Amino acid sequence: GDSVTQMEGPVTLSEEAFLTINCTYTATGYPSLFWYVQYPGEGLQLLLKATKADDKGSNKGFEATYRKETTSFHLEKGSVQVSDSAVYFCALLLGFQGAQKLVFGQGTRLTINP
Amino acid sequence: DGGITQSPKYLFRKEGQNVTLSCEQNLNHDAMYWYRQDPGQGLRLIYYSQIVNDFQKGDIAEGYSVSREKKESFPLTVTSAQKNPTAFYLCASSIRGPGPQHFGDGTRLSIL
Numbered sequence: 001g002d003s004v005t006q007m008e009g010p011v012t013l014s015e016e017a018f019l020t021i022n023c024t025y026t027a028t029g030y031p032s033l034f035w036y037v038q039y040p041g042e043g044l045q046l047l048l049k050a051t052k053a054d055d056k057g058s059n060k061g062f063e064a065t066y067r068k069e070t071t072s073f074h075l076e077k078g079s080v081q082v083s084d085s086a087v088y089f090c091a092l093l094l095g096f097q098g099a100q101k102l103v104f105g106q107g108t109r110l111t112i113n114p
Numbered sequence: 115d116g117g118i119t120q121s122p123k124y125l126f127r128k129e130g131q132n133v134t135l136s137c138e139q140n141l142n143h144d145a146m147y148w149y150r151q152d153p154g155q156g157l158r159l160i161y162y163s164q165i166v167n168d169f170q171k172g173d174i175a176e177g178y179s180v181s182r183e184k185k186e187s188f189p190l191t192v193t194s195a196q197k198n199p200t201a202f203y204l205c206a207s208s209i210r211g212p213g214p215q216h217f218g219d220g221t222r223l224s225i226l
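Chains A and B, in that order, are what the protein sequence lines are.
Under my numbering, the first residue of the first sequence is numbered 1, with each subsequent residue one higher.
Under my numbering, the first residue of the second sequence is numbered 115, with each subsequent residue one higher.
This is chain B alone, in the form it adopts within the complex (with noise of 0.2 Å):
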């Protein structure tokens, strides 16, 4: 079955500490996506990528970087000037056309 594939479920962080979460996807898709969700709250868009070595950044990139060497992977570094990093990761991909993203079931990272 195609799909999203993220990865830690979960992870935890030291402070000073760079961390690494895993998106893979096999659903073909040129675009994807990653957000941050905050209890209570909707998501946030941190970066996005329209195609293989390209990206952007979006409403909350800072302290985040990411990378697109292949189109099936997205990974997502948080970096230690994230300063308040303890959140649920979503990685979304779609079509570049219109049409829904597909989500992944999300990595939650926290500090120890």
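Looking at chain A on its own, in the form it has when it is part of the complex (with noise of 0.2 Å):
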């Protein structure tokens, strides 16, 4: 069936250092891909996004870009901040009758480290 799965953390880092989460999928069809980040007693709150593949999604200095050939959407920002601490999902959408289901991976906790 439909799954995502990413890198497990928890993934500790310092502040500036470069980010990679990495975020793989198994899925019929063509899905959307999506990273959403939660941030403690929080709802879920979109990031980025990419419809196609080879799109690039990018959004507060994240990016990532869909790869089709090895079913990817790994995460990336060059230099971390404190405040980017959080649980990052990728998540694959598709269509089904009529709805749009989301197919989450587990998460992935962030912590930087000043």
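FYI, nobody ran anything at the bench for these hints, they're computed from the structure.
Computed from a predicted structure; not experimentally measured.
Worth double-checking, as some hints may not be accurate.
Said to hold, decoys possible - Okay, the calculated bits of chain A under chain B, using three or more residues with CB under 8 Å as the criterion:
#, stretch
1, 68-80
2, 102-113
To be verified - Far from chain B, some chain A residues (derived; all Cβ distances over 10 Å):
#, residue
3, L13
4, E15
5, A17
6, S58
7, F62
8, E63
9, S83
Claimed, not checked - To give an idea of the interface, some chain B residues facing chain A are shown, with a C-beta separation under 8 Å as derived from the structure:
#, residue
10, P122
11, G154
12, Q155
13, L157
14, L159
15, F217
16, G218
17, I225
Ideal placement from N, C-alpha and C gives every residue a C-beta, glycine not left out.
Relying on the hints, combine the two individually framed chains into one complex.
Printed below as a string of structure tokens:
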């Protein structure tokens, strides 16, 4: 079935370090791909998205490229900040019966130390 | 500002009791969703609704019920049949076509 596998956390980095969080997926069809971020005690916020192969989503210094050949959508940021500490979820979106079904990875907790 | 409002933020349930979680959106979205989040896990779909007066079971619907009498509202009832209800519950909405889902801030349900 459709699934998303994320790099296991927790991930701890120092401020200004380079970040990569790996995400691979298995899906029938051609899903859209998303990264969501969850700050403590809050809901999920959409961070970035890509709707077709080779698309690059970007927002707030984060980037991810939709790689169909490797079925991946890795999240990267060149220089992280303490405020980036949160849980990051990779998700794929498939249309089904007219609705849009989101399938989530298990989440990766990121902690940035000053 | 448009958005999704979930209430209450924290909820406590006694054994054998049904509780209802509220979700209201003013984004004019047709589709609404309920997810459950357990510690260290991703989100799992409980129920979804594409249109008023219609809803479908998701992956873990047992022990839950919903209604969709208004476009703006999609309340979730956690029934006494749900034996492990302690979790963080998230409501989301979206347009009917391809597009991201927008989430509320969640309700944390605990058992007394």
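Inset, instruction - Taking the numbered hints from earlier one at a time, note which ones the structure violates and give those numbers from smallest to largest. - result: Structure breaks hints 1, 10 and 17.
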